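Peer 1: Listed here are the chains, written in short residue letters.
Number of protein chains: 2
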Amino acid sequence: MISLLGRRSISSVPSSSLALGFAKHGSPNSVLSVQRITLDPPSPSQITIKFLAATINPSDVNQIQGTYPILPAFKKNLLEHNKDEQFAIGGNEGVAEIVHVGKNVNTQNSWAKVGTRVVMRHAGFGTWRQFSHATPEDLIPLPHPSLPTEAAATLMVNPCTAYRMLLDFVPLSPGDVVIQNGANSAVGQAVIQIARTRGIKTVNIIRGTLSDGLPRPGLELLKKKLTDMGADLVVTEEEMRSRETGAKILELGNGKAPKLGFNCVGGKSGANVARNLENGGVMVTYGGMSKEPVTAPTSLLIFKDLQLKGFWMTRWNESCDTDPEREKERIKMIRELSELVVNKQLLLPEVESVSIKSTDDLEIVKAAFDKAMRGGSSTKQIIQFA
Amino acid sequence: MISLLGRRSISSVPSSSLALGFAKHGSPNSVLSVQRITLDPPSPSQITIKFLAATINPSDVNQIQGTYPILPAFKKNLLEHNKDEQFAIGGNEGVAEIVHVGKNVNTQNSWAKVGTRVVMRHAGFGTWRQFSHATPEDLIPLPHPSLPTEAAATLMVNPCTAYRMLLDFVPLSPGDVVIQNGANSAVGQAVIQIARTRGIKTVNIIRGTLSDGLPRPGLELLKKKLTDMGADLVVTEEEMRSRETGAKILELGNGKAPKLGFNCVGGKSGANVARNLENGGVMVTYGGMSKEPVTAPTSLLIFKDLQLKGFWMTRWNESCDTDPEREKERIKMIRELSELVVNKQLLLPEVESVSIKSTDDLEIVKAAFDKAMRGGSSTKQIIQFA
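Chains as they are written, first to last, in the numbering used here: chain E, 118 to 503; chain C, 118 to 503.
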């Protein structure tokens, strides 16, 4: 009876899978291809998963270009029709469903059941594919069956980054103020909403002009959107220069300047964040959209005791492997963020889905990468295999 | 008998004192003057001190210019011959000798005896004068009667800065490496020597060219001087760009990059320090000689988890007022540094003394400030009243 069940389960595992990846580094539109890859029969200690949706994040693009600190491995014997060619499967973030559990999978992993939705424990899994085998150590089960697939696919990078930056650098109490640039980014929006649930106020800096110097279209609508999310103050980079803005920021904190700042731009914009922090404040850099270095006047470091730090979600995730307390903290974070989404206290950016049905569907992939790399839009591109 | 002794003691306290200071902010050579100031009879709870030597530091110059975060107060009724004119006495660092102790001075301060040498507990005391009254809380007694006066006058700013930066930011063990720019500064030289006594290795960056682009005269002699002090590697800013230097730095740490860096220059030079730190390393900025901001590539903060911090000896000293443990730590630091000086393990920069005998001696003061502000020279100017 057991062996019959085992065989029935195995029979639901296909022997091949569609995958999106690359055989060499370069610009996404020149090196990406959709391939059919071999899926060997799973070992008794493996779990087989079917991806429901996988995200295209900026870091994925840098991985394809070869400029990211963590790069997926090129492997041979992966492509079904060309065993000699090397290939790397892209994608770090995504949500999958368990379709098969090997009979030797550790019974301690009681979540490892057909139907459980999972996200990836480590960066570099290669989430842009239909099916994959995994070990329990590769996967984290998702709470909340009512969490929408799109939210599950976009939860682990941007909202988790916002959550950790709000919790891990400076102890904040209700009424405290944080200041951030790039406030319309996916992380920025999550910061606004998570901060609101904790009674923390936010000063949000956005660009008022485009790179050609012309006014940003829809600026007032964007301000309204962020305000509706819970932003306490939304100002443009240009407005940051006025005394009036400085007074408003102090007023927001009842006379106290923000003790925590988030910077995803660099250059002058980052210095704007730093300049508005109170003595002993911390600025956390998690991105560098301007491609300019992080800069702060010497006097802010010496006389105001400012600290400039960085945050990388991947490094935090890796530290969970060796620190059981941190692993518990991660489970708590995923549960809390899922609850916020389900309760509509955390609205994630809208997604546009790219549906890949065959190895011929490269044009729609390229269109999706064009959108993902264009910036400015806050819509996330996700990949789904039909 | 007691009253007689008391009177004898009072009689050694003069009713006026020479002082160097300024009636308004500006360039030292345009606003400084030597004045005779009134010294009221001391109250029974005061100590009267006679300055033996007081230092001219760069921060003193910034105070005169009015650009420093802490400024001495302008006071009326201070000048003997012009009660209506306001005047601020310059100088933050110096060593004095107790010449009178009021009869109500707390007996807990057993060090408060005629003849004890003291340094200032707080910045802004106004050390450029012959005599002053003080309370026990203004003063710290010096250990080691054999500590030379010149060393005592220059101990509390630069060597203490080096000591604290080596101890307070990253736990270092023998064999660990620190990297610093401006290595020929008074702090830089103290870093080299204190590090050596603790088995910590130093990479020392100096300028190989002057601001006009010409080679620095005496470069090889300077390298030899720092090496003789205990520097493990001395390189120019230009040599920092070579792979060979990178390899030498790693070799010094047995394959591990420095985990701590000190920056007193800013701009590209600071970025050079940051770039050579290991993952999770800390760069401490304590000066900004280039007048350029502190700068680091975004990736160093995000992917290498670098931290940029600042250090200001004045803030550290102020924290001793509210933290008894830190006050103990300060006493320990002064004792250790004094021992290093007495044992010739810490050679302080040579001093040039300006002897002021009357209110007419302004020209020699101006010459001393010219030298102090010129930079490049590592000789310290100290003020002594004849």
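Think of the hints as simulated: they come from the structure by calculation, not from any bench.
A few of these clues could be false.
Which copy? The list can't say, so a pair holds if one copy fits it or any two copies do.
Said to hold, decoys possible - Below 20 Å or equal to it, Euclidean Cα-Cα: the simulated EDC-like pairs (lysine to aspartate or glutamate) are: (1) LYS220 - ASP438; (2) LYS385 - GLU409; (3) LYS385 - GLU453; (4) LYS408 - ASP422.
A quick note: this is a predicted structure, and the numbers were derived from the prediction, not measured.
Peer 1: With reference to the structure, classify each hint as holding or not holding.
Peer 2: Status of the hints after comparison with the structure:
1. For the identical chains of this complex, LYS220 and ASP438 are neighbours neither inside a copy (25 Å) nor across copies (66 Å), given an alpha-carbon limit of 20 Å.
2. Taking the closest pair of Cα atoms, LYS385 and GLU409 come within 20 Å of each other both inside a single copy (8 Å) and across two copies (13 Å).
3. In this assembly of identical chains, LYS385 and GLU453 lie within 20 Å of each other by CA distance neither inside one copy nor across copies; the values are 35 Å within and 43 Å between.
4. In this assembly of identical chains, LYS408 and ASP422 lie within 20 Å of each other by CA distance solely across copies; the values are 18 Å between and 26 Å within a copy.
The structure fails to meet hints 1 and 3 from the earlier list, while all remaining hints are met.
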